[in-house]
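Number of protein chains: 2
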Amino acid sequence: MNFSHKVQAMELSPIRKFVPYADAARAAGKKVYGLNIGQPDIKTPEAFFQAVRGFDEDVLAYANSQGVAELLDALAGYYKRLGLDFERKDLLITNGGSEAINMLMTAILNEGDEVIMAEPFYTNYKTFVGQAGGKVVAIPTTAEDGYQYAVKEKIEKVISDRTRAICIINPGNPTGKVLTRDEMKLIVDIALAHDLFIIADEVYREFVYDGKEMTTFGSFKEAAQNIVIVDSVSKRFSACGARVGSIASKNEELMLHLLKLAQARLCCPTIDQIGAAALYRLDPSYFNDIKKEYEHRRNVSVEALNEIEGIKYGVPEGAFYITCQLPVDDAEKFLMFLLTEFDVDGRTCMFAPAGGFFSTPGVGKADIRIAYVLNAEDMRAGINIIKEGIKAYNSRK
Amino acid sequence: MNFSHKVQAMELSPIRKFVPYADAARAAGKKVYGLNIGQPDIKTPEAFFQAVRGFDEDVLAYANSQGVAELLDALAGYYKRLGLDFERKDLLITNGGSEAINMLMTAILNEGDEVIMAEPFYTNYKTFVGQAGGKVVAIPTTAEDGYQYAVKEKIEKVISDRTRAICIINPGNPTGKVLTRDEMKLIVDIALAHDLFIIADEVYREFVYDGKEMTTFGSFKEAAQNIVIVDSVSKRFSACGARVGSIASKNEELMLHLLKLAQARLCCPTIDQIGAAALYRLDPSYFNDIKKEYEHRRNVSVEALNEIEGIKYGVPEGAFYITCQLPVDDAEKFLMFLLTEFDVDGRTCMFAPAGGFFSTPGVGKADIRIAYVLNAEDMRAGINIIKEGIKAYNSRK
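Heads up: the sequence lines are chains A and B, in that order. Position one of the first sequence corresponds to residue 0 (numbering that gives the first Met the number 0), numbered consecutively onward. Position one of the second sequence corresponds to residue 0 (numbering that gives the first Met the number 0), numbered consecutively onward.
These are calculated hints, taken from the structure and not from any lab test. Fair warning: there could be bad hints in the mix.
Note that the list lumps identical chains together, so a pair holds whenever it fits in one copy or between two copies.
As the list claims (entries may be wrong) - SDA-like mimics (lysine to any residue), calculated; alpha carbons at most 20 Å apart, straight line: (1) Lys42 - Asp57; (2) Lys134 - Glu308; (3) Lys88 - Ala23; (4) Lys134 - Glu110; (5) Lys311 - Lys364.
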């Protein structure tokens, strides 16, 4: 049987493809610290579960394709508190931020069209761009240059007549880079000058540290036709399993095209949307403690990473990921070693090999992404295993 | 801003695009019988809600990309009771049957590849085929020929070197056509001879009337590499809002490609999967009353349709749809008339104009699809409004 070129070019997620080996290690009695995936251990707000348990219809019916009205209104209210005036008609509820990206790429890309992203990039974007027939064009960044991509020359260098959009995850996944308002303005001006969409994935919006200000591309009214905001309850409210994402844009034509895609898949889950509405109605003070906790975990993780000789990484300013270059030949082989051959007192560690986060040839083979989603003690323990593992791995060869 | 050719060629769902007019009619105080959408009024089994309310984790975490183990096992058990030996590794949980179709098209279609479907076809398939760069090639059928497409000459006539799959909804949406085992065998032999996938959407499997036997393509072991079964809890358990579908196939390469797509979108909603597991564990006797009820509604609907002079339709043998050709110039205009200008004692009716269910030029303009998902009395009342509406519509011109 024949398969499409597109699907053959795709890869298993580097974040998830080693899960079977971690499961096997756990089955063999090892404790495995899961630093591979952005799955926080923060408790999901009780408001979600209360709303879900309170669902009392006899028939679990289809929701509106655009989204449950209650959720659209709660989301509009959340944006209002951020100073953004997205109304119901500007919003679409999606199956997680993932479906939002998938739909957006389908709506804007023809075969061979290009999407610009800072490298290292969140690898699943590449799958969605590829699914739509397009390709990711990277702006290479490194730990040494502070993962800086908001530089006029760097961006304009990769713009071609096939460029359709600049995709930005801010705060960044997988580097934790946070843009200043001036940097955002620079990107906005470039998008306007070249008639490009800015697809701003701001799912980590609240997680910005060191007293830096939280910003959003939605506040650049001069580029309202270009700007598309992607959001999700997954990280924001530690509700990854709800799969409730959203798209917000003032571009009416875009929203109409997206609605066609949304109607074809009928709707998002009804009950999860009702739960998500309760989350978006939470008082913003909810984030104060969460942010403090993540900042603490970031600090502890950075402290622990500094113990690893030969490591290179940039200190993240937001979100909850750190991309590091390890002093090993191959991060995937090293991970397999940790999962199948190594332990410290019966404990080992899993991370995401970050080779797939790069498109520049030859780059990223020794890079990994860790997510500081576990409590400080576990982060310290997990990173210590990486440190000890590197010594054992490099000495056995 | 530019949009993709693909998305520009797509249309709003004919099943959903008139919803705003129905909402306006309701807001103006009219009762609107909703025969447009396959949204049953049958109570969702309490087992679903019990399982959902029983979820007691602190963190609503991502599920496995392939699906929650409990659901995979329940689904395997359901298939086992049908005599099919799909194991965990042969199964993938999807966001409704819709995502299953979307993923399958992405996995098998290159630009310009073709998918064969009986016409009239479920229109959302066309969107997913188009999204993957392919096109639907129709086998035209009519009420007069009993919507018969399982005919060697008819199928072979439309096979080209670009054909990749035959998509079959059995029992059929939108015609209610049910294949005999001999007809299925004929299709299986053609698929084997031409190396084609059979994508068998069997979400209405249990709803077969007049004592006809329930069948499944899964039972043709000789074509296990070609056959892909799509299922969903939506209609089967009246749980449309759960959005839990699935793909089952013994083709390991296909399942691997699908897993890549599944990992990119991370997972399906955790809680709904737990609810769906409870549904697939229900005793098969659950379907006895449901089937009897739908058969009764079918009979009442057919009786009521027979009162409409000049109507053409085939009596459905399964599922819960009837495609009818009305004696009007344009089904969309007629529907707008019903929703905006007409009522019988403050009541009116909505159906799905079926033009979008046809790709043969000039065909289907007067066709509609009605879903007999409402109780017998409402079906009678709704169809009576169509009857009276036709008289008023045709006499006013």
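Any hints from earlier that this structure breaks? Give me their numbers in increasing order, please.
2
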